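Taking the hints into account, I'd like the entire structure generated from these sequences.
Residue numbers (my numbering), protein chains in the order written: chain A, -17 to 303; chain B, -11 to 315.
Check each hint, because a few of them may be wrong.
In the DSBU-like style, the derived pairs of lysine-lysine whose C-alpha atoms are separated by at most 30 Å in a straight line are [unchecked claim]: (1) A:Lys124 to B:Lys86; (2) B:Lys66 to B:Lys267; (3) B:Lys66 to B:Lys177; (4) B:Lys65 to B:Lys86; (5) B:Lys65 to B:Lys263; (6) A:Lys124 to B:Lys258; (7) B:Lys296 to B:Lys94; (8) A:Lys124 to B:Lys66; (9) B:Lys94 to A:Lys124; (10) B:Lys47 to B:Lys258; (11) A:Lys124 to B:Lys263; (12) B:Lys263 to B:Lys66; (13) B:Lys177 to B:Lys129; (14) A:Lys48 to B:Lys47; (15) B:Lys296 to B:Lys65; (16) B:Lys66 to A:Lys48; (17) B:Lys267 to B:Lys94; (18) B:Lys177 to B:Lys221; (19) B:Lys66 to B:Lys296; (20) B:Lys65 to A:Lys124; (21) B:Lys267 to A:Lys124; (22) B:Lys86 to B:Lys263; (23) B:Lys66 to B:Lys258; (24) B:Lys296 to B:Lys267; (25) B:Lys296 to B:Lys86; (26) A:Lys48 to B:Lys267; (27) B:Lys258 to B:Lys296; (28) B:Lys94 to B:Lys263; (29) A:Lys89 to A:Lys170; (30) B:Lys86 to B:Lys134; (31) B:Lys267 to B:Lys86; (32) A:Lys48 to B:Lys221; (33) B:Lys258 to B:Lys94.
Ranges between beta-carbon positions, derived for each pair [what the hints assert, rightly or not]: (34) A:Gln122 to B:Asp180: 33 to 41 Å; (35) B:Arg308 to A:Leu29: 43 to 51 Å; (36) A:Ser37 to B:Pro151: 43 to 51 Å; (37) B:Asn179 to A:Gln51: 41 to 49 Å; (38) B:Asn303 to A:Gln51: 31 to 39 Å; (39) A:Ala87 to B:Lys267: 57 to 65 Å; (40) A:Thr101 to B:Gly161: 29 to 37 Å.
FYI, nobody ran anything at the bench for these hints, they're computed from the structure.
Source: prediction; values computed, not measured.
Glycine residues also receive a C-beta, built at the ideal position from the N, C-alpha and C atoms.
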Amino acid sequence: MLISDNLKEVRTQVQRRQLANGIFAMIGLLTILVALIILLGLTLQLLIQGAPRLSWDFFTSFPSRKPEQAGILSAWVGTSLVMLVTALAAVPLGIAAGIYLEEYARKNWVADIIEINVTNLAGVPSIVYGLLALGLFVYQFKLGESIQTAGLTLALLILPIVIVTTREALRAVPNSLREAAYALGATKWQTIWDHVLPCGLGSIMTGVIVALSRAIGETAPVITIGALTFIAFLPDSPLNQEFPYLPLTGSFPWINFEQLFGWLGAAFTVMPIQMFNWVSRPNPEFQLNAAAAGTVLIAMTLVMNGMAIYLRFLFRRGVKW
Amino acid sequence: MKLKRNTGFLGGLFALVATTVVTTGIEVNSQSTPTVKIDGSSTVYPVTEAVAEEFQNAKAGAIQVTVGVSGTGGGFKKFCSGEESVQTDISNASRPIKPEEEEACKAAGIEFIELPIAYDALTVVVNPANPVNSMTVGELKTMWEKAAEGTITKWNQINPSWPDAPLTLYGPGADSGTFDYFVEEILGKDNDIRSDFTPSEDDNVLVQGVSRDPNALGYFGFAYYEENQDQLKAIAIDPGDGTPVLPSGETVNNGTYTPLSRPIYIYINKASLAKPEVKEFVDFYLQNAPTLVQEVAYIPLPTEDYEKAIERLQNAETGRVPLREGL
Chain A
-17 MLISDNLKEV RTQVQRRQLA NGIFAMIGLL TILVALIILL GLTLQLLIQG APRLSWDFFT
43 SFPSRKPEQA GILSAWVGTS LVMLVTALAA VPLGIAAGIY LEEYARKNWV ADIIEINVTN
103 LAGVPSIVYG LLALGLFVYQ FKLGESIQTA GLTLALLILP IVIVTTREAL RAVPNSLREA
163 AYALGATKWQ TIWDHVLPCG LGSIMTGVIV ALSRAIGETA PVITIGALTF IAFLPDSPLN
223 QEFPYLPLTG SFPWINFEQL FGWLGAAFTV MPIQMFNWVS RPNPEFQLNA AAAGTVLIAM
283 TLVMNGMAIY LRFLFRRGVK W
Chain B
-11 MKLKRNTGFL GGLFALVATT VVTTGIEVNS QSTPTVKIDG SSTVYPVTEA VAEEFQNAKA
49 GAIQVTVGVS GTGGGFKKFC SGEESVQTDI SNASRPIKPE EEEACKAAGI EFIELPIAYD
109 ALTVVVNPAN PVNSMTVGEL KTMWEKAAEG TITKWNQINP SWPDAPLTLY GPGADSGTFD
169 YFVEEILGKD NDIRSDFTPS EDDNVLVQGV SRDPNALGYF GFAYYEENQD QLKAIAIDPG
229 DGTPVLPSGE TVNNGTYTPL SRPIYIYINK ASLAKPEVKE FVDFYLQNAP TLVQEVAYIP
289 LPTEDYEKAI ERLQNAETGR VPLREGL
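The structure is reproduced here in structure tokens:
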């Protein structure tokens, strides 16, 4: 009697909780769906609005006051080159810092201070990095209002993200792997370079690419350091037009470094600036250009994120623990 | 593990190939291509962009022109900077240079030549469904001043002949030069603007706001009105003498559309004029300004003024000197 009564009560309680559980799951699903549908709607609208302008000419034309002739050549080349500099600066530095902090640094108050600072820096508004870069790179180091300055500025911006993801990736590598390597007589560096790093590389790459996709949409810091709005020429090419294409000179050191790295100092613009300029134009036809540029920017970000997912898949395939 | 390292290497190689592709598609410009550096106001930008575009087409890439948009103040900061990598040859300005900016230029040893290049007429607009056609400067002041905040909420509170309908206001945000100019001309130097209006730095938002709301009023540059004439109605402004005037090329030029028309300028570094590319560009600018200004929906100056400007350029007259009264 007593037991069956209890059982009944337990059953109704379980049912109630299951109902609550179901309702919560529904609410969660609904929230996600609403968010996704709105996002998808906005993206589709952008795509449909911009689609008629997305032609080969759009990618190979410079900006113009005539909307049907205007293109994004200087903007996408600028964005690509800035991203290249950003990646070249932030990735090695960030991964190295992550390795040091995770594998080498002693756990003491210095490490604590560094850790707190790195985490805080990840949350600093991007315009602050722009102001820092204006003072440091433009006025102090005299790097000019150039691709190298923009690349380094955005590298500073994403460095904390790279460091934090590297540390997390390395922390996820099981200690048994390190111990096994030591047991076979490997040095610390051999252990890290040959075993720990390859295992964590998938997650590290994902972090790097997600960080880069954040940098690609940044406008404020790039404007602060002097990105242009109208520029109808491209940086000098590091390569010659004729065979063997390499920038060689007749005398020692046989490589024309000025030609090879000249583009670093070139003036530039980036995609978000071009897009914003078009959005604020009085002529309504420029809105189509802005939508098309937005579509290209979203596609660039999607491709980068897709690469991150693929790389993670590639690196995780053989790893089991 | 060996295989994994290889894939990493492949990723790197992919990046390298991608960049090579990016960079080889690029036309080679020799390192020494002369460049004209311009920065400054977003209001002047469309005019300078049009000139730069035509100039580069005419020169077939022999001279490069870059135009940035850091605002009139930001532009002067670069123009008058002692730092050579930041310094510009020409600064776009939607207002004359301020005394403190002149001081900065002097401190950096920079002399400038001021050339007015066009007019921008601030245009007050309402929805086409609105029966109001004109208003006085005083009425605009009553509508926008700080004292109106929360109290003037209906059209007929300002003028009894206006509709008994709620008043919704749209205007540029405080960062804009247009905002500064409107506040100074309509409200006076020491007056504050009411804060219960819809501000936007993007004038297209203002256009849309007014075109969708029959009770709305807004103001912005003439170009935005001209491009959207089918959705907006311009208000004739009565400066106080009883004759309301609509903004147009003619009324701005003969000085009857006051006080909301303003000249816009370019400032040229005198030392830069020694460079042939800058000289050529400025000459081209003044020769083509009358047609190009009109094309981007701004209002050109009278022909005599362009002639005077060309003369000033030839004589390299420096300093903040009005070309004639009102410029």
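Can you list which hints this structure breaks, lowest number first? none
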